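Could you put the whole structure together from the sequences, leaning on the hints where they help?
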Amino acid sequence: AGVVKAEDYTLPSYVDRRDVPLPEVAFVRDLSAQQKALKEKEKASWSALTVEEKVELYRMKFNETYAEMNRGTNEWKTILGAVFFFLGFTGLILIWQKHFMYGPIPHTFSEEWLSAQTKRMLDMRVNPVQGISAQWDFENNEWKK
Amino acid sequence: MRGLLARRMKFHLLGAFLVSMGSATLYKFVVAEPRKRAYARFYKSYDPMKDFQAMKAAGVLECAPPK
Numbered sequence: 001a002g003v004v005k006a007e008d009y010t011l012p013s014y015v016d017r018r019d020v021p022l023p024e025v026a027f028v029r030d031l032s033a034q035q036k037a038l039k040e041k042e043k044a045s046w047s048a049l050t051v052e053e054k055v056e057l058y059r060m061k062f063n064e065t066y067a068e069m070n071r072g073t074n075e076w077k078t079i080l081g082a083v084f085f086f087l088g089f090t091g092l093i094l095i096w097q098k099h100f101m102y103g104p105i106p107h108t109f110s111e112e113w114l115s116a117q118t119k120r121m122l123d124m125r126v127n128p129v130q131g132i133s134a135q136w137d138f139e140n141n142e143w144k145k
Numbered sequence: 001m002r003g004l005l006a007r008r009m010k011f012h013l014l015g016a017f018l019v020s021m022g023s024a025t026l027y028k029f030v031v032a033e034p035r036k037r038a039y040a041r042f043y044k045s046y047d048p049m050k051d052f053q054a055m056k057a058a059g060v061l062e063c064a065p066p067k
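As they're listed, the protein sequences go chains A and B.
Numbered by UniProt numbering, the letters in the first sequence go through residues 1 to 145 in order.
Numbered by UniProt numbering, the letters in the second sequence go through residues 1 to 67 in order.
Worth flagging that the hints you see were computed from the coordinates, not collected in a lab.
One should not assume that every hint holds.
Unchecked claim - Here are the simulated BS3-like cross-link-like pairs (lysine-lysine), alpha carbons at most 27 Å apart as the crow flies:
| hint | chain 1 | residue 1 | chain 2 | residue 2 |
| --- | --- | --- | --- | --- |
| 1 | A | Lys41 | A | Lys61 |
| 2 | B | Lys44 | A | Lys145 |
| 3 | A | Lys144 | B | Lys36 |
| 4 | B | Lys67 | A | Lys119 |
| 5 | B | Lys10 | A | Lys144 |
| 6 | A | Lys119 | B | Lys50 |
| 7 | A | Lys77 | A | Lys61 |
| 8 | B | Lys44 | A | Lys119 |
| 9 | B | Lys44 | B | Lys28 |
| 10 | A | Lys54 | A | Lys43 |
| 11 | A | Lys144 | B | Lys44 |
| 12 | A | Lys145 | B | Lys36 |
| 13 | B | Lys50 | A | Lys145 |
| 14 | B | Lys50 | A | Lys144 |
| 15 | B | Lys56 | A | Lys119 |
None of these values were measured; they are calculated from a predicted model.
Printed below as a string of structure tokens:
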């Protein structure tokens, strides 16, 4: 009578979620004759139902059990694999950059400069308690064993 | 009703307490106490004048050259 048929997506839907323990509708929407008969039997005493009938009633109302719904997947393996793959790829990019793109490193990284720098730090007694000057034996002019 | 939140909260409150106290204790005994001992040991036998003479001789003090 001039009313548009309600689309499926506008109606309350069934959902398997931990935070929605009782969904708005049952899982099975259109019951077969056998299932309708079972629903009639459900209106009587429940102790008259067999175990199989109870399970059938459960499966009509719910899609997955909590155990099935919460089951773990193997997704973490895919994710970990992809993470390592892209880390490796990034490593390749860095190697390419070092070889083809970057210029020489500063002269202050040469062996002579570094040893002169370290000697100056020890002369100044940098970090004498727990740091570098604490690792140097000033009597014998060598690193402590 | 089934105390699900209460159980989870009890577990996590206890856990948070233990983790925080544990990490604080660990830090104290692995970092803080050895550091205090190291400083005490260093300063027990520290002679600043000798250190000053050594640094002066090495030539790192601009206002006190080795001469």
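Right, here's what the structure says about each hint:
no., hint, result
1, Lys41/A <-> Lys61/A, "15 Å, holds"
2, Lys44/B <-> Lys145/A, "22 Å, holds"
3, Lys144/A <-> Lys36/B, "21 Å, holds"
4, Lys67/B <-> Lys119/A, "20 Å, holds"
5, Lys10/B <-> Lys144/A, "51 Å, violated"
6, Lys119/A <-> Lys50/B, "18 Å, holds"
7, Lys77/A <-> Lys61/A, "34 Å, violated"
8, Lys44/B <-> Lys119/A, "26 Å, holds"
9, Lys44/B <-> Lys28/B, "22 Å, holds"
10, Lys54/A <-> Lys43/A, "12 Å, holds"
11, Lys144/A <-> Lys44/B, "20 Å, holds"
12, Lys145/A <-> Lys36/B, "22 Å, holds"
13, Lys50/B <-> Lys145/A, "24 Å, holds"
14, Lys50/B <-> Lys144/A, "20 Å, holds"
15, Lys56/B <-> Lys119/A, "14 Å, holds"
Consistency with the previously given hints fails for numbers 5 and 7, ordered from lowest to highest.
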